[in-house]
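Enquirer: For the protein sequence lines, the chains are A and B, in the order given. First residue of the first sequence: 1, per my numbering; consecutive thereafter. First residue of the second sequence: 1, per my numbering; consecutive thereafter.
There may be inaccurate statements among the hints.
Claimed, not checked - Below, in silico cross-link-like pairs of lysine to any residue (SDA-like), each with a Cα-Cα straight-line distance of 25 Å or less:
1) B:Lys169 with B:Leu200
2) B:Lys169 with B:Gly282
3) B:Lys169 with B:Leu281
4) B:Lys67 with A:Ile132
5) B:Lys329 with B:Ala292
6) B:Lys257 with B:Ile217
7) B:Lys67 with B:Arg284
8) B:Lys67 with A:Thr189
9) B:Lys67 with A:Pro190
Because the hints were derived from the structure by calculation, they are not lab data. These numbers were taken from a predicted model, which means no experiment stands behind them.
Now for the letters of each chain:
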Amino acid sequence: MKRLASWSVKRPAPWSVKRPAPWSALKLLVACIYLFMLGPILITAAVAFNQDNRSYFPPRGFSLRWWYAAFGPQWMQPLVFSLELATLVALISAAAGVPLAFAFQRYNFPGKSLVRAITLGPLILPSLVTGIALLQFLSLVGLGRWMGFWALLIGHVVICLPFSVRTVAISLAAMPGNLEPAAASLGATPLAVLRHVTLPLAIPGMFAGMIFAFIHSFDDVNLSLFIARPGERPLTVAILSFLEFGFAPTLAAVSILSMLIPLALVALFGRFVGIGEFLYQEAGNG
Amino acid sequence: MVEPALRLAALTKRFGALIAVDAIDLAVAQGEFVTLLGPSGCGKTTTLNMIAGFITPDAGSIRLHGKAVEPLPPFRRDLGLVFQDYALFPHMTVAENVGFGLRMRRVPRGEIAQRVAQALDLVQLTGLDQRRPSQLSGGQRQRVALARALVIQPAMLLLDEPLSNLDLKLREEMRMEISALQQRLGIATVFVTHDQAEALTMSDRIAVMRQGRIEQIGTPNDIYERPTTRFVAGFIGTANLIESREGVIVIRPERLKLCPPGQEPPDVRCWPARVERVVYLGARLELRLRIADSTQLLAETVNDGGATWSTGDMATAWFRPEDAWVVAKE
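Throw the hints in and build the complete structure from the sequences for me.
Expert: Shown next, in the form of structure tokens:
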């Protein structure tokens with residue numbers, strides 16, 4: 001607000017004096033945007049309650065049979081596979097992300113920019129490319145038998161690591177510069193400073209990174225498509241292959257289910273750890 | 001002879017080609033409050049950081065109570081530090097912040113609780129021990145930082161511009177409070193600031209720094225009444241600097257008198273002057289004058305209902321010889 005005020009003093013801002021569009025128009029626009037974003041999800045949710053074997057909207061009749069199907073082994077197996085994979089990916093990304101973020105944020109070493117580019121690269125590289133590259137590489141070095149779970153784990157860590165490195169780096173950068181000297185002046189050895197000050201303050205970033213990594217892994221289809229194999233398929237790939245037979249209400253139920261899981265996770269973690277600033281950019285107040 | 005609490009000898013730090021601190025000597029007696037005062041970049045903060053152990057000096061020595069501390073890392077120096085931004089740990093409560101230094105010293109839990117309570121009492125924060133720093137006002141944070149630095153009973157206290165983030169009224173209150181606390185505890189203190197009012201009101205002695213050197217050191221009275229260089233005269237308070245044959249004459253505005261032409265007392269130095277502007281400050285009046293060689297002078301008079309001046313008046317500006325002094329031209 002302050003910045004806005006000083007800005008408008010320097011330069012006359014005609015829109016603030018004579019507002020061409022009233023607030024109600026802005027509200028309507030925002031409502032439209034939300035409808036556009038949420039509408040398809042609501043329709044999908046409704047479709048999952050159809051009685052017939054077709055995806056009508058509005059749904060005809062009311063039945064829970066598609067939900068029974070969604071909880072059946074055909075879907076539960078890839079769902080559990082996806083959850084296991086995403087959990088492992090989140091843990092490994094955090095374990096590797098914290099030291100990497102420290103190294104990038106606090107130290108200078110030869111080849112730093114190269115290592116950083118390689119680590120953060122997958123953020124801008126299409127994961128499709130990463131997937132093809134991994135597929136080619138594993139076949140070339142004769143590790144084709146790693147296809148499936150192990151290849152997915154490697155691939156997902158590669159594409160999820162940047163998130164956890166970034167969020168930890170943000171929490172390290174946001175730390176007031178005098179905290180560590182202050183702790184040292186109070187008699188804390190470098191190890192004690194790390195344990196009592198630096199790490200506790202990096203934890204929200206680490207958790208935020210884990211959540212991003214989990215969601216990114218859980219949602220990924222581009223990379224998984226190339227390196228999954230029967231029996232070791234994440235949910236997204238299972239949904240995609242099922243789609244070849246047309247859209248059935250089961251899919252609607254499965255989709256809603258796969259949307260609720262990360263949502264619940266964010267809500268749960270957001271309650272216990274302050275990750276709000278990473279998700280919504282609320283300024284942390286020290 | 002009693003060892004001083006702190007003795008710096010020929011302390012030097014270079015950053016590349018820049019000499020940040022240039023062979024300074026300084027002794028701080030037990031219980032003394034010494035301020036390092038100067039514009040930004042004068043080397044005062046670098047000096048403080050060398051005392052604290054965050055910056056390694058290039059040359060010279062630092063002795064705390066007679067003991068050389070240059071080889072010691074910051075966590076072994078036993079100093080209480082207060083930073084400009086307070087540097088409170090945001091993930092700890094007030095009590096945990098204050099008790100941190102004791103915890104690092106492996107003081108038993110019960111004793112920590114007791115000493116933390118005492119320290120919070122000392123800074124008048126009793127009852128706030130379970131708050132987080134984010135729930136405190138600026139002044140309260142400042143007090144927590146002070147309690148945290150004092151509770152370890154450090155060899156000396158280092159204050160790095162601790163008041164500059166507070167608003168004016170609170171700053172004036174805290175000046176008095178820190179001074180009173182420091183005197184009560186009798187702890188040797190080095191205070192870094194660029195604010196001359198803080199330096200004048202709080203210090204036993206002030207070291208005015210410029211370009212890595214201590215330009216003058218003395219009591220607030222010495223520094224204000226008898227600055228030895230042109231820089232010190234201009235940096236502390238306002239001063240009229242009049243070029244003359246023997247050097248630069250320094251005269252404080254409140255000591256420069258004004259009277260109608262020809263009515264000046266005998267045996268004073270005087271100039272004919274023209275009143276260019278009268279600034280009304282309520283209790284005081286500020287008169288901007290111009291003398292013959294177009295030098296501008298500033299006189300400050302008490303608004304006591306005596307002579308009034310207005311723009312364009314001709315007058316005589318004079319001062320008693322003992323109110324002015326001469327410094328080198330540089």
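Enquirer: Check each numbered hint against the structure and report the violated ones by number, ascending.
Expert: 4, 6, 7
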